[in-house]
Amino acid sequence: MLAHPGVTNARPEGAADSAPPQTIDWHNHWLSPGSVALLKARTTGPRIENRDGSLFFATEGIGRLRLAPAFTDVDARLKHLDEAGIDRQVISWPTTLGVDAALSASDSRELWTVYNNELSALVKKYPARFSGLAALPTSDVGWAASELERAHTELGLIGAVLPVGAFQSLAGAAQLAPVFDVAQKYGSHIYLHTGPASSSIPGQAIDTPAPEDAPVIRASLDRALSFARGTVTLTQTGYLDKYPDVTVQVAMLGGSVSILSSWLTRYGRNNGQGGDASALLKRVYFDTGVYGRSSDLVDFAVRTFGADRFLFGSDFPLAPTQKTIASIDRSSLDGPDRHEIYVQNGHDLYQKLTAAKSA
Amino acid sequence: MPTRRQFIRSAVAGGAVAALAPVLAYGQTDNPVKRDGYDAPASAPTTVAADGIAPAGTIDWHNHWVSPRSAALLAKIDLTNAGPRVPGAPFPSLPRGNSTMLTGIDQRLEHLAAVGVDRQVICWATTTGWDAVLTADQAKPVWSAFNEDLSDLTRRHPDKFSGYAVVPTSDIDWAAEELDRAYSQLGLIGAVLPVGALQTLEGAKALTPIFDVTEKYKGILYLHSGPAYHTVPGQTVLQTPLGDAPSQRYNLEWSATYARGVVTLTQTDFLDKYPNTIIHVAMLGGQTPFLFSALTTQQLPEGAPDPLQRLRRVYLDASTTTAPHTLDLAVRTIGADRILFGSDFGAVPSIAPIVSAVRHSTLTEQEQHQVFVDNGRILFAAKGQPRGPKVG
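Quick mapping for you: the protein sequence lines, in order, are chains A and B.
Take the first sequence: its letters are residues 1 to 359, numbered as in this note's numbering.
Take the second sequence: its letters are residues 1 to 392, numbered as in this note's numbering.
To be clear, the hints were calculated from the coordinates, so they are not data collected in a lab.
Hints should not be assumed to be uniformly reliable.
[Claimed, not checked] The list that follows gives simulated cross-link-like pairs (lysine to aspartate or glutamate, DMTMM-like), each with its CA atoms no further than 25 angstroms apart: (1) K205/B to D222/A; (2) K185/A to D140/A; (3) K323/A to E302/B; (4) K323/A to D306/B; (5) K205/B to D207/A; (6) K205/B to E212/A; (7) K273/B to D173/B; (8) K205/B to D171/B; (9) K218/B to D337/B; (10) K185/A to E149/A; (11) K160/B to D337/B; (12) K273/B to E83/A; (13) K216/B to D269/B; (14) K140/B to E215/B.
[Claimed, not checked] Footprint (simulated), chain A over chain B, 3 or more residues, beta carbon under 8 angstroms: (15) 43-57; (16) 293-301.
We put the CB at the ideal spot given by N, CA and C, even for glycine.
Between the sequences and the hints, there should be enough to build the whole structure, so can you do that?
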């Protein structure tokens, strides 16, 4: 367990449940052996290449991304968790790679079936260390809904990860309704993570700046904006009203949605339907993710929404978990706030999700 | 920080925050971004709470005024058959009722005295969307009249007001000529531009004649909310469909629009030709502080220039700081020496809430003084002429 100044994993006095509090990493990724094999077999589009003993993810237009060993090596992952003081990871597919958007529906169904089966096997092998979120295709939403049902009833997974690109507008989210209907039935945890959805999902903005027009920095802006747009879709439109038992986690501190909150404070809280727009933003959880490596952003986001809305997430194995921990420790958050983020919020959410599963 | 002016009574400042709500709460009509006119905020208060009083020497770099002649000319323009405008751009509007944009200069001066602001740099509110819809022939007489009225105002109150000209983005060559007149004859110190014009490098290049003139006079270009004329390339379509949180999305997309403008001007080579041109960006640059903090978590291409260092090429004004931690983030990102005090007065009825928010930030006394006073002073060299920031 984590040991940080001012942070304790001790159960608060009078707490009702008896489960030991845990530090849970809600944002990390794993590639299963079967999914790697399927992507290695591909020669075009999203694929994995083995070069001199190292795995690279490759796709047209992006180039090659070296995959750290812990993307596939479970022993290395467990060793890292022990070193970082993390009790449990909630594992998800890295939608950042854009595989869901690039594959046909039939290829997606094959890939995600294999991945979900192997993720299930992993969490069943290490029930004290891992939980899992199913990968679902946005190219075949009907099948995605049935796969989420299977994830709950057969695979022991607690929800699903979806690319945030699917939620840029209410029209996009509406197409995912079959998935959310199943999610409501099983009290799923739905995780919005970086990446585009299938082109069949409306509302996705595509911007391709000229090479001399700061494309890397504009891509960062668009990424942060995509999370904010997704958060607006889910919290400001009434979309989630039908799904009170679905918990939603938005990666990367919700992107720039905290800036929106300050603008709403300045220029009008009313959401157009008599609600408090800033308060509605708190319907979802935000994880720290990569942006958690900026102490300034952690301070800003937590001061905007309150510590009770944040889950610890490292984006391991893209970077060591300790980087995010160090950043949060450097922030101006006090002990109780840090305790909520490292331990309490994740613990409470996990208890709720596993209670729903038991029921 | 008690001052000689903190004799003023009552809690008007607190009440003023609530009064902001309707001003820019878009999306509550059939057309989500149409506004029939600026809803009129309450008249500017003449009494404010102690923490809403600024220190001596404070300059308000973000506030608006509608001159009598410009209002009269715009009121005569028939937009029934107006030409195309950037999709999602707001329908043009004018303030009405007792808006502080319209009320007399005496009331403005009275409010400045109440909140302790020594000088305002006044500009047209590009948020009103007129530049995006007026043809060049329609725009020229209106903006000429405004610039002349503003010149007259600053000459009548040289110790209280300075001004940014307004120029059309529908005719860039004429805009450059008018800006030359503003600098050389009208005594104005810069120009306000709709940030929509600077979404891409291509858009910025379309404004080259305006930048050339500003460089010649070592002036200031002020990026403020609003779309440009549809002929300026690269303008982002605002996604605000009915039923899909249009008001919230409008705020979100405009906050991103500012960041795109800042990226255009600081992260490309565009400003290399303009070392003496000062760039002032409203609303703390929208998503700029978040974006540039986020970039510190990202591995950038090897050899790429430090984006935070380049960011310091611009000044951001503090007009979104009713959430003080937003100012905190901006200062940590760009530095207190690049933040100007600004209130959005005119669009809001009182400067006091912004003063109060700066005071309630985590900025040190020295940093607050930089924001209120020192940074503005640096921009005003001898005889009120601005001079460029030292980058680094």
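A quick look at each hint next to the structure:
1. Only pairs whose Cα atoms come within 25 angstroms are accepted, and K205/B paired with D222/A is accepted, the gap being roughly 22 angstroms.
2. A hinted pair counts as satisfied when its Cα atoms are at most 25 angstroms apart, and K185/A with D140/A qualifies at roughly 20 angstroms.
3. Using a Cα cut-off of 25 angstroms, the hinted pair K323/A and E302/B holds, with the two alpha carbons roughly 21 angstroms apart.
4. In summary, the hint linking K323/A to D306/B is supported, as the alpha carbons are separated by about 21 angstroms, within the 25 angstroms threshold.
5. Restraint check: the Cα-Cα separation between K205/B and D207/A comes to about 19 angstroms, which is no more than 25 angstroms; the hinted pair holds.
6. This hinted pair checks out: K205/B and E212/A have alpha carbons roughly 12 angstroms apart, not beyond 25 angstroms.
7. Pair hint K273/B plus D173/B holds up; C-alpha atoms about 18 angstroms apart against a cutoff of 25 angstroms.
8. For the hint linking K205/B to D171/B, the alpha-carbon distance of about 14 angstroms falls within 25 angstroms, and the restraint holds.
9. Between K218/B and D337/B the CA atoms are separated by roughly 19 angstroms; this keeps the pair inside 25 angstroms, and the hint holds.
10. Between K185/A and E149/A the alpha-carbon distance is near 9 angstroms, which keeps this suggested pair within the 25 angstroms criterion.
11. Restraint check: the Cα-Cα separation between K160/B and D337/B comes to about 23 angstroms, which is no more than 25 angstroms; the hinted pair holds.
12. Proximity of K273/B to E83/A is assessed by CA-CA distance (about 52 angstroms); at most 25 angstroms being required, the pair is judged violated.
13. Between K216/B and D269/B the CA atoms are separated by roughly 19 angstroms; this keeps the pair inside 25 angstroms, and the hint holds.
14. For the hint linking K140/B to E215/B, the alpha-carbon distance of about 22 angstroms falls within 25 angstroms, and the restraint holds.
15. With 0 residues carrying a beta carbon less than 8 angstroms from a beta carbon of chain A, the region 43-57 of chain B misses the three-residue requirement, and the given coverage is violated.
16. Note: the region 293-301 of chain B has 8 residues with beta-carbon separation from chain A under 8 angstroms; the three-residue rule is met and the coverage holds.
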